[in-house]
Amino acid sequence: MKTVHKIPQAFTDRPTTYCPGCPHGIAHRLIAELLDEMGLTRKTVIAWPVGCSVFGYYFIGTDAVEAAHGRACAMATGIKRAHPESFVMTYQGDGDLASIGIAETIHAAARGERITVVYVNNGNYGMTGGQMAPTTLLGQVTTTSPYGRDAKANGFPLKVPEMLAAIDGPAYIARAALDSPKHILQAKRFLKKAFTAQIKDLGFSLVELISSCPTNWKMDPVESLERIKNEVLPIFPIGELKVVEGVK
Amino acid sequence: MGEKVLMKGAEAIAESAIRAGCMAFFGYPITPQNETPEYFSRRMPQVGRVFLQAESEVAAINMVYGAACTGTRVITTSSSPGISLMQEGFSYIANSHVPCVVVNVMRGGPGLGDIAPAQADYNQATKGGGHGDYHSIVLAPHTVQEAVDLIYLAFDLADKYRMMVVMLMDGLMGQMMEPVEFPEWVDVKNRKPPEWATVGQGDRKERNIITSLEILAEGLEKMDLALQEKYKKVKENEPRCEEYMMEDAEYAITAFGTVARISKTVVDMAREKGIKLGLIRPITVWPFPFSTIEKRIEQIKFFFDVEMNEGQMLIDVKLGVNGRKPVYYYGRLGGVVPTAEEILKELEKKIGGAK
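Chains as they are written, first to last, in the numbering used here: chain A, 1 to 248; chain B, 1 to 355.
Excised from the complex, chain A in its bound form:
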């Protein structure tokens, strides 16, 4: 009999605690599959964020540290510099990375830090109840933009990969989406390149994963995926923004 489906070994036995319809589980799964396939599980340290995925280490079974809010890239830097043999990655949401942690992220990228960042963008602060994030779309209603995000008052959605692609340190920068099987498979290919950039010692790598938040968006899971396609991806287009030679 041919195995067509199995649970990645890098997963623990613990069921995830995310809301119904939340794509964090998909993002975790892609990482776990790659850790298996690339033989990295026992070499890996993941710096987890503050946010919905704060307990990510319950679900992905590698060595792990729990960073302070926004500090995962700094912590990962410390681990990688002290122990370069480890495969070091961070997993961060858009509040954690693009707001409070943007300085740590930009400077880790500028230094070409040999770490890999998985950046999950669902356009709001999920864990704290759906507040406005730097990535919230114009007009989007959140608990702290009750009249919709207004550019004059709140500025514009922050496009992190575009910013990072403009500096020299990164080896691989891409944006993928978790709204459809096709995009999910593409996300895995992008993540594999990001992992490869670190393994080949080429520089900093980051993949943004456009995600949804059915609970705080007050939509059912299918509607929320539709919204990604119709409203989010036109503002946050998917694709590879920087690929240095040597990343395959």
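Honestly, the hints are just simulated from the structure, not real lab data.
These figures come from a predicted structure and were not determined experimentally.
Yeah, the Cβ is synthetic: ideal placement off N, Cα and C, and Gly gets one too.
Some hints could be false.
Capping the alpha-carbon separation at 30 Å, the derived lysine-lysine pairs in DSBU-like fashion look like this [claimed, not checked]:
1. B/LYS295 <-> B/LYS230
2. A/LYS6 <-> B/LYS205
3. B/LYS192 <-> A/LYS43
4. B/LYS189 <-> A/LYS43
Going by beta-carbon spacing under 8 Å, a handful of chain A positions derived as facing chain B [as the list claims (entries may be wrong)]:
5. ASP63
6. ARG81
7. ALA82
Using the hints, position chain B against chain A.
Same frame as chain A, but now just chain B:
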């Protein structure tokens, strides 16, 4: 051991840290301690170790935190405003039980203050500073040689208790040049990450997770109590104190760091005048050496606490004395260093009053 070399305090502590087996430095420029990271930046590459100038003190301490999670010997140095920025990291480090060394070359505050030597971060350093019930071991050298020796002790204590150790200094000690002798190099060749380190599971049976998070109150209380249990051991085993001319003393100055050094001169001057004065100089300001106060309580007419702040260690001295004898205070603020003459004058006023 061997020959003495003339060195600035700021550079001597860096060289000492390297010889003590420090494998990584992360920090951010701030006056008055820039000679220390500059020295590290020259020396660390020469010995194949890590020097990294971070984008901020916030990032620096979280790099330290990350490196500490690998179990390596890691250090950062900064000065008061920078140390304030690091407090979040200190709190996480405490509840994660990871070892590191932090040097605070204190300057005048609050706010941007000035860059002159001060001691106004005593409370911040000894009472926690960040959020939550935690402590760090805090060492307060009063000479460059002592700073060199205490750096070794700092790394040993950090590893022994898996906690942060702070060196509380000031700009005066950093700028001062003194002849120093370095202890033997610590051999780091065969050092491996400890069993608890997060460096990838490798052949370990269980994976390691380092976190300060526990969402259930009862669970967090257990973690908090485990921390307190550790602090209890530190308080039992690690208080250190120097007593100077205390055997027959009738009056005792209490002082740490730079002011303690000046106070030794005050004691000598007082003795020449026939005043039986001594000095109690805490080397660990946390844990505070309460037993030394206790030992001397009977013989002392009054304690005279001298600091370069508004009387922060004073509270600990008073706790130790517990109302049994008078405790007076004299201090200068804002980065002003008191002279031996002015301290003695103030002390003599109290003696006059005590007659």
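Outcome of the hint check:
Taking the CA atoms of B/LYS295 and B/LYS230, the gap is near 25 Å; set against the 30 Å cutoff, the hint holds. For a cut-off of 30 Å, the pair hint linking A/LYS6 to B/LYS205 stands: about 23 Å separates their Cα positions. About 15 Å separates the Cα atoms of B/LYS192 and A/LYS43, which keeps this hinted pair within 30 Å; it holds. Pair hint B/LYS189 plus A/LYS43 holds up; C-alpha atoms about 22 Å apart against a cutoff of 30 Å.
Below 8 Å, beta-carbon pairs count as interface contacts, and A/ASP63 has one with chain B at about 4 Å; its hint therefore holds. Because the beta carbon of A/ARG81 sits about 5 Å from the nearest beta carbon in chain B, less than 8 Å, this interface hint is met. For A/ALA82, the shortest C-beta to C-beta distance to chain B is roughly 4 Å, which falls under 8 Å, so the interface hint holds.
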